[in-house]
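Trainee: Modelling step: build the complete structure from the supplied sequences, incorporating the hints.
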Amino acid sequence: MMNLNAVFQYFTNGMDLGTFLQHLTNGISLGSLYALVAIGYTMVYGTLRLINFAHGDVFMMTTYFAFYGVSTFMLPWYVSFILAVILTGALGMLLEKGAYRPLRNAPKISIMISAIGASFLLENLAVVLFGGRPKAFPSVKVLTDSVQFGSVSIQKLTFVIPIVTIIFLFGLLYLLNHTKTGMAMRAVAKDYETAGIMGVNVNLTISQTFAIGSMLAAVGGIMWGLKFPQIAPLMGVMPGLKAFIAAVIGGIGNIKGAVIGGFILGIGEIMIVAFLPSLSGYRDAFAFVFLIVILLFKPTGITGEKIAEKV
Amino acid sequence: MKQKKTLLTVITIFVLFALVYLADQTLDPYKMRILNLCAIYVVLGLSMNLINGFTGLFSLGHAGFMAVGAYTTAILTMPDVVKGQNFFMAPMMKPLDTAHVPFFLALLISGILAGVVGYLIGAPALRLRGDYLAIATLGFAEIIRVVFTNMQSVTNGALGLKGIPVSANIWWTFGVALVTVLVIGSLINSSYGRAFKAIREDEIAAESMGINLFKHKVLAFTIGAFFAGIGGGLLGSLLGTIDPLMFRFFLTFNVLLIIILGGMGSITGTIISAFIITIGGELLRFLDESMTIGNLVIPGISGMRMVVFSALLMIVVLFFNRGIMGTKELSWDSFFNKFSKKPLAKGGNKQ
Chain L
1 MMNLNAVFQY
11 FTNGMDLGTF
21 LQHLTNGISL
31 GSLYALVAIG
41 YTMVYGTLRL
51 INFAHGDVFM
61 MTTYFAFYGV
71 STFMLPWYVS
81 FILAVILTGA
91 LGMLLEKGAY
101 RPLRNAPKIS
111 IMISAIGASF
121 LLENLAVVLF
131 GGRPKAFPSV
141 KVLTDSVQFG
151 SVSIQKLTFV
161 IPIVTIIFLF
171 GLLYLLNHTK
181 TGMAMRAVAK
191 DYETAGIMGV
201 NVNLTISQTF
211 AIGSMLAAVG
221 GIMWGLKFPQ
231 IAPLMGVMPG
241 LKAFIAAVIG
251 GIGNIKGAVI
261 GGFILGIGEI
271 MIVAFLPSLS
281 GYRDAFAFVF
291 LIVILLFKPT
301 GITGEKIAEK
311 V
Chain C
1001 MKQKKTLLTV
1011 ITIFVLFALV
1021 YLADQTLDPY
1031 KMRILNLCAI
1041 YVVLGLSMNL
1051 INGFTGLFSL
1061 GHAGFMAVGA
1071 YTTAILTMPD
1081 VVKGQNFFMA
1091 PMMKPLDTAH
1101 VPFFLALLIS
1111 GILAGVVGYL
1121 IGAPALRLRG
1131 DYLAIATLGF
1141 AEIIRVVFTN
1151 MQSVTNGALG
1161 LKGIPVSANI
1171 WWTFGVALVT
1181 VLVIGSLINS
1191 SYGRAFKAIR
1201 EDEIAAESMG
1211 INLFKHKVLA
1221 FTIGAFFAGI
1231 GGGLLGSLLG
1241 TIDPLMFRFF
1251 LTFNVLLIII
1261 LGGMGSITGT
1271 IISAFIITIG
1281 GELLRFLDES
1291 MTIGNLVIPG
1301 ISGMRMVVFS
1311 ALLMIVVLFF
1321 NRGIMGTKEL
1331 SWDSFFNKFS
1341 KKPLAKGGNK
1351 Q
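Keeping their order, the protein sequence lines are chains L and C.
End of the first sequence sits at 311 in this note's numbering; the numbers just go up one at a time, nothing left out.
End of the second sequence sits at 1351 in this note's numbering; the numbers just go up one at a time, nothing left out.
Hints listed in this document are in silico derivations from the structure and should not be mistaken for laboratory results.
Note that the structure is predicted; figures quoted are calculated from it, not measured.
Each residue gets a CB set at the ideal place from its N, CA and C atoms; glycine is no exception.
It cannot be assumed that every hint is accurate.
Calculated lysine-lysine pairs in the DSSO-like style (CA-CA distance at most 30 angstroms, straight line) [claimed, not checked]:
no.: 1; chain 1: L; residue 1: K190; chain 2: L; residue 2: K256
no.: 2; chain 1: L; residue 1: K256; chain 2: L; residue 2: K108
no.: 3; chain 1: L; residue 1: K108; chain 2: L; residue 2: K135
no.: 4; chain 1: C; residue 1: K1328; chain 2: C; residue 2: K1002
no.: 5; chain 1: C; residue 1: K1094; chain 2: C; residue 2: K1083
no.: 6; chain 1: C; residue 1: K1215; chain 2: L; residue 2: K298
no.: 7; chain 1: L; residue 1: K135; chain 2: L; residue 2: K227
no.: 8; chain 1: C; residue 1: K1338; chain 2: C; residue 2: K1328
no.: 9; chain 1: L; residue 1: K97; chain 2: L; residue 2: K108
no.: 10; chain 1: L; residue 1: K108; chain 2: C; residue 2: K1215
no.: 11; chain 1: L; residue 1: K298; chain 2: C; residue 2: K1197
no.: 12; chain 1: C; residue 1: K1162; chain 2: C; residue 2: K1002
no.: 13; chain 1: L; residue 1: K256; chain 2: L; residue 2: K227
no.: 14; chain 1: L; residue 1: K108; chain 2: C; residue 2: K1328
no.: 15; chain 1: L; residue 1: K108; chain 2: C; residue 2: K1197
Residues from chain L that face chain C, not an exhaustive set, calculated with beta carbons under 8 angstroms [to be verified]:
no.: 16; residue: I116
no.: 17; residue: L125
no.: 18; residue: G132
no.: 19; residue: F288
no.: 20; residue: L291
no.: 21; residue: L296
no.: 22; residue: F297
Where chain L lies over chain C, by a calculated footprint (3+ residues, C-beta under 8 angstroms) [unchecked claim]:
no.: 23; stretch: 1125 to 1132
no.: 24; stretch: 1140 to 1147
no.: 25; stretch: 1252 to 1260
no.: 26; stretch: 1303 to 1310
no.: 27; stretch: 1316 to 1328
Mentor: Structure, rendered in structure tokens:
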């Protein structure tokens, strides 16, 4: 072990193996959170060809639902968290109905502006309803405790987050590939007009897509709240943008791609700061630089296929 | 007829400046500040409309260009002593700490620098389309902001710059707004403008008509960035303090709101809505303060103003998605047509 560590330090400029593993687990758990939120972006984009700018704010609303469930309504944390996820699903459906459905056949730019407007509306509503000052997210001892590994102590949450992500990912893949609802979703994503003609209830299916995407973001939001226990009305903006970037990196419209993109982004972000501490101020720029590089050289992402434009 | 219209335009400009003079003499500083902001938003709105409305490139990078302009103007006009006071964390970079130019030149350099940045961003990014372009430009604007937050010795980092000389008065702001209207107006009516509109309507058709897509897109983007830089410089000079947080996406959103309400692709619409939005935003301030109706005291909720504002944007987008003017313009022709009793001037269809 000593030897391995020495070799490792030689290659990593003096960082020992324990610290590296700590960064790696951190990166994986951050990446899982990005992945959960990115799935919502990618599902909506796959169906409506629309960047749901308000997705990050839906994520923010969840943390407040969970917060009030525990603090005001005195619910046990698991009840409150489940309620928060369900409420967020309903919020997602409401968002689709109010902001996107009326514009489904409008020019693309109008839909996008509507998405930006919905995002700002949610943020400002949160400021008015919940107050602009950050609040402390309830901590759940069972999940936020630390475990000791030799000299390193790691929060249990660091392991819980990727596991929960993987469970939900497989659940989603099962839903999409082996159920009738999932088949309808895939049909609508391919071509919603044809799917409608073939008897799929397009409006219902799009609603369901939003609900599922929002609920996954909600799961991500709750775990984000546990990991970074400070919630504020604008907290969804950066994770939302980064999750979107993850979706683009993985190839937007592709669920596995979104997960891969989330992990690449999360691990990359943590590692860049770990290995080049002088660049830590540029942490938020890293994701954008990565996005631009991907867009310029492979705009369809890692898993995406080129779609020829019809004239 | 043409001479008559030019004469009318000149008269309108004189009337405008007479009104500006009158405002300068009679209004209090608060109202003057709002008028200044209106004019600055005219500049910003037009510069964004050139890119988004006339050329149809959905760009969300405006705040970045404004940041470049605002910082350039601030650094080039601040006196040495103030610079020394600002840069107490780390001394300012060498040639900049004593650099000075007159306000006009500072604005011009701001515009040119923002234009150069716009060119450098546009040249690679404009290969993208639709939402990808929007996200890439948004990303570039964020990168500019993060870089400015970290360039301690040039921009004073997160602390921002305070004590920028307030050189922007109502003559400057309305003067620059007028120049912007005239320049962008004549650009839109030139062959370049027609090419821009052709690109907006259908890229493939435009390309097959022999329009060089890349050249025209980059041109529109660079000119838009140039005016955004000048607008940013004016804004910084009017406010007196700037910091990187000011140039978040929210600022782009404000300008976007103006061009949506005014109509994407309408100069006069942008002017009207810049005034409506800026003045309306101030009028809505009562929502944040407590109100007394009879015996009832309604406590003010801070942030309510922004809720109403974003709800208004949603309503405009959902129900009137062409804005006030759509792509039409208020012009002397439409004015005459409305008020002359005669049937249509040339006999044919009204168009």
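Trainee: Can L/F297 be said to touch chain C, with a Cβ gap under 8 angstroms?
Mentor: 10 angstroms, violated
Trainee: Check whether the Cα positions of C/K1215 and L/K298 lie no farther apart than 30 angstroms.
Mentor: 22 angstroms, holds
Trainee: Is the hinted pair L/K256 and L/K227 satisfied, with a Cα-Cα distance of at most 30 angstroms?
Mentor: 24 angstroms, holds
Trainee: C/K1094 and C/K1083: Cα distance at most 30 angstroms?
Mentor: 12 angstroms, holds
Trainee: Next pair to validate is L/K108 with C/K1215; report whether the Cα-Cα distance is within 30 angstroms.
Mentor: 24 angstroms, holds
Trainee: Using Cβ atoms only, decide whether L/I116 comes closer than 8 angstroms to chain C, and label the hint accordingly.
Mentor: 6 angstroms, holds
Trainee: Straight-line Cα separation of C/K1162 and C/K1002 no greater than 30 angstroms?
Mentor: At roughly 49 angstroms apart (the allowed maximum being 30 angstroms), C/K1002 and C/K1162 break the hint.
Trainee: How does the stretch 1125 to 1132 of chain C fare against chain L when you require at least three residues with a CB closer than 8 angstroms, holds or violated?
Mentor: With 6 residues in contact (Cβ-Cβ under 8 angstroms with chain L), the coverage given for the stretch 1125 to 1132 of chain C holds.
Trainee: Given that the stretch 1252 to 1260 of chain C was listed as covered by chain L, double-check it with a C-beta distance under 8 angstroms for 3 or more residues.
Mentor: holds (count 3)
Trainee: Keeping to a limit of 30 angstroms between CA atoms, is the pair of L/K256 and L/K108 held or broken?
Mentor: Roughly 26 angstroms separates the two Cα atoms, so the pair holds.
Trainee: Take the stretch 1140 to 1147 of chain C, compare each residue's beta carbon with every beta carbon of chain L, and decide whether three or more fall closer than 8 angstroms.
Mentor: Holds, because 5 residues of the stretch 1140 to 1147 of chain C bring their Cβ atoms closer than 8 angstroms to Cβ atoms of chain L.
Trainee: Does C/K1328 lie within 30 angstroms of C/K1338 when you go C-alpha to C-alpha?
Mentor: Roughly 14 angstroms separates the two Cα atoms, so the pair holds.
Hint violations for this structure: numbers 3, 12, 22, all remaining hints satisfied.
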